Amino acid sequence: MDIYWIWLSLIRYVGPILQKRLLLEFETPEKIYFASQCDLEKTPHLNKRAIHSVINSRDLSRAREILKRCEEKGIKLLPFTNDLYPSFAKAAQESPILLYYKGQLLKINDSIGVVGSRRCTAYGRKAAENIGTALALHDVPLISGFAKGIDSYAQASCIKQGGYTAIFLGGGPDVCYPPEQHSLYHKTLEKGGAFLSQYPPGTNPSPKQFLQRNALISAWSQELVVVEASENSGALWTADFSRKQGKPIYALPHSIYLNEGKGSNLLLARGAIPYLGIESLRSIHSTKSSPLLTPLQEEDPIIKLLSESPLTIPKLQYALNSTDEQLLDKLVTLELEGKIIIRGEMVSIR
Amino acid sequence: MASTTKSFTLSGIEGHVVDVETDVLSGLPSISIVGLGDKAVKEAKERLEAAIVHSNFIFPQQKIVFNLAPSVMKKTGTHYDLAMAVGLLIRTDQINTPCITDTGFIGELSLNASIRPVSGILPMVIKAKESNKKKIIIAKENVDEAKIVKGLEIFGCSTLNEAVDLLEERPFPFSNVYSFYRSKNKEPSYLDFSEVKGHERLLEYITIAVAGGHNILLIGPPGCGKSMIAKRIPTILPKMTEEEALEVMRIYSVANLLKSPGQLITERPFRSLHHNASTNALIGGGTYALPGEISLAHHGVLFLDEIAEFTKKSLDSMRQPLEDGSVTISRVWGTHTYPASFTLVGAMNPCPCGYFGQKYCRCTDYEIVSYRKKISGPILDRMDIQKYVGVVDFFNKQQHGKSSYDLRQDIERARFIQINRYKDLPGITSNSQLPASLLEEFCPLDGESQKLLLKAAEHFEYSGRTIHKYIKIARTIADLEGEPNIKCSHMKKSLLSRDLEKDTFAFQNRG
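Chains A and B are the protein sequences, given in the same order. Taken in order, the first sequence gives residues 1 to 350; the numbers are from the working numbering. Taken in order, the second sequence gives residues 1 to 511; the numbers are from the working numbering.
None of these hints come from the bench; they were simulated from the model. Warning: the hint list may mix true and false statements.
Think about it this way: if two alpha-carbon atoms lie no more than 20 Å apart in a straight line, the pair counts; the simulated EDC-like pairs of lysine to aspartate or glutamate are [stated by the list, open to error]:
| no. | chain 1 | residue 1 | chain 2 | residue 2 |
| --- | --- | --- | --- | --- |
| 1 | A | K339 | B | E501 |
| 2 | B | K455 | A | D83 |
| 3 | A | K339 | B | E367 |
| 4 | A | K126 | B | E367 |
| 5 | A | K315 | B | E200 |
| 6 | B | K451 | A | E337 |
Just so we're clear, the structure is a prediction, and the values are computed from it rather than from any experiment.
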């Protein structure tokens with residue numbers, strides 16, 4: 001019964017660890033609900049305060065409300081016993097016994113978490129986007145946190161390439177935070193991705209919840225890539241959880257003079273595996289390589305040139321040895337096809 | 001019977017005839033001025049008394065009433081003094097003049113009976129001519145400005161006595177061709193577009209903007225040359241037609257900003273504003289609803305540097321004038337409509353740090369979007385051309401800028417084509433002023449460019465107005481090349497003219 005799952009997840013002083021301990025003892029939340037005090041006292045390592053809390057909160061009204069809300073908003077429940085709850089995610093002690101999700105949840109076997117700072121460099125952005133695309137091409141689900149910057153770049157490029165993403169939110173699964181990314185939120189749902197959260201629908205995000213969200217990202221990923229992190233970035237917390245959960249952590253090497261990269265360099269110093277390209281990831285090796293592994297090779301020389309770095313029109317002209325007229329002609333056509341973007345003199349890939 | 005003299009009042013830049021009626025009634029000595037005059041008009045009584053006494057006339061110790069008709073129209077200013085003084089002298093039979101109805105009086109009196117210059121002479125004299133006045137008597141200092149209007153006699157008098165002599169047709173030694181500001185040469189400009197290097201492609205769009213009167217927004221990092229380019233725009237502005245010049249002079253006359261009143265302004269105005277300018281400074285206002293910068297930039301250029309730093313309210317107040325080419329301001333002392341058909345040139349940074357697209361930039365997409373939102377959509381939509389200004393490769397020796405002279409030649413030619421094309425349409429002298437209804441007639445597209453435009457419109461989800469802008473810009477590009485018809489190549493160039501909009505589109509459609 002879903003309602004008992006919700007009830008169990010709401011009890012004060014009973015966190016993920018105690019919840020799981022109770023489940024182990026009683027098998028179903030329903031049984032916990034109807035358990036007597038002596039039964040509860042028999043549970044090993046269950047403190048008095050928790051027992052008290054379980055007994056005193058046998059009220060289903062809040063749970064009923066949440067359940068109703070879930071139905072209204074099309075939010076589904078993912079209890080601990082569900083097959084879709086990956087076993088590796090269950091292993092983490094921070095994993096809650098119940099998750100709420102919106103969208104389509106698939107069975108996740110391999111998964112890569114991609115996290116990074118919100119305020120990122122162009123280098124970080126490029127890397128995040130490349131990882132997102134590569135994961136999509138390798139059919140490896142992307143786990144991320146929907147933050148601005150790295151998280152969203154990786155997510156956007158992944159769904160653009162048709163990949164699967166499972167995104168963890170710091171608020172309820174129906175609360176699009178940051179609100180500026182609502183188009184990405186809806187697009188992800190449209191493309192079959194999922195937004196998960198341990199918080200009931202309608203919950204607003206708060207700093208503490210983001211920390212727990214980070215733990216979940218780590219729990220659900222088999223490997224974690226920290227693309228870019230400054231010294232006190234939230235991404236480092238995620239890495240911290242991964243370390244505790246014993247998962248491989250990859251970090252992108254950065255310039256030692258850049259503040260934005262200090263955190264990821266620090267991770268490298270502490271033993272993280274340097275991320276040198278998608279081949280670095282272990283999950284990638286386990287997947288069978290398919291002919292679609294590399295993105296469609298661009299035949300157009302302009303796109304080829306630009307994919308390395310943005311160029312000015314005169315430089316393009318010099319490189320391609322073409323006349324002004326011809327080049328502009330081609331550029332306008334390419335822009336209308338949505339492949340490039342021209343900003344004054346500067347031409348870059350979309 | 002009351003005597004009537006003619007003077008003028010202003011509503012916006014339009015003059016109106018005012019009948020100054022003077023009567024002397026029996027009663028306790030007093031002076032009253034009726035006809036909705038403001039404080040300045042009412043204070044005339046003291047000046048009048050002193051001036052008349054000092055001119056050796058008799059100021060009647062009776063009840064004197066002045067009526068400024070039409071009495072429902074609010075009046076302001078000190079220029080009725082002369083008409084009132086003359087009216088009083090006629091009423092009290094101290095001067096004898098055969099015909100006074102075809103003479104207009106504009107001038108302020110000093111206590112010593114000298115006539116002082118006033119502002120707004122030009123529109124008033126234009127009105128005098130329109131209402132078939134034969135003579136105008138004004139202060140000597142105002143003669144130069146009034147002389148721009150041909151077809152009526154203009155007399156400059158320095159004292160009330162001179163004016164009386166003139167009315168009584170007594171000869172007196174004064175010269176009509178008096179001038180304070182004769183042969184004042186234009187200050188030579190040290191700015192030239194040849195100093196702008198490495199921005200050839202951008203200059204092309206500047207040329208297009210100036211040639212067609214299109215608004216342009218320059219976006220670029222600090223120090224890339226946005227302001228440098230904008231400051232040189234006056235050097236390539238085309239000459240004004242006489243009609244345009246007269247309209248500009250009327251505005252400047254009302255605002256009392258004519259620098260050399262004797263000469264027809266030939267240079268288009270270029271107004272540059274700091275971003276803490278108030279809405280009233282921009283649009284016009286104050287107690288007397290005086291013209292603001294947008295009207296002072298009429299037929300010229302209004303340059304707003306750091307346009308994103310202007311308050312949203314001031315910027316948005318330009319929405320309607322940008323569309324209508326005129327602005328109506330209502331204040332206590334009247335509701336005035338001023339023309340405001342100007343080319344808006346704006347300059348701004350692309351993001352909060354200013355270095356968008358360069359390696360130092362750490363601005364998030366949303367910071368960039370919110371920074372750009374400081375310029376509201378409707379204003380951005382009205383910026384016909386939005387171009388990024390790149391950083392110049394300073395040491396590239398091959399790059400030579402085109403000189404202002406060359407650019408101006410091209411622009412004059414393109415303007416000439418436009419003026420000829422629109423000669424039957426009143427008020428339209430450039431492509432940017434073309435209303436949507438006439439686009440099909442004057443800017444027909446061939447199949448190829450139509451297809452291209454359609455494709456772009458579908459891809460970027462352009463609004464109807466934006467599509468019209470592209471067509472108009474393509475028209476200007478064709479005019480610059482001297483082509484009678486818009487070709488595909490013109491349309492292509494035109495489609496590259498709105499960089500900022502593409503960015504916004506890219507941000508919104510990410511993911």
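Would the pair K455 of chain B and D83 of chain A pass a check requiring their Cα atoms to be no farther apart than 20 Å? It is violated: about 48 Å lies between the C-alpha atoms, which goes past 20 Å.
Pair hint outcome, K339 of chain A versus E501 of chain B [Cα-Cα no greater than 20 Å]: 16 Å, holds
Compare the distance between the alpha carbons of K451 of chain B and E337 of chain A with 20 Å, and conclude whether the hinted pair is satisfied. 14 Å, holds
CA of K126 of chain A to CA of E367 of chain B, is that 20 Å or under? 19 Å, holds
Check the hint pairing K339 of chain A with E367 of chain B against an upper bound of 20 Å on the C-alpha distance. Between K339 of chain A and E367 of chain B the Cα gap is close to 24 Å, so the pair fails against 20 Å, i.e. violated.
Regarding the pair K315 of chain A and E200 of chain B, is the alpha-carbon distance no greater than 20 Å? Status holds; Cα separation ~14 Å.
Checked against the numbered hints above, the structure violates hints 2, 3; every other hint is satisfied.
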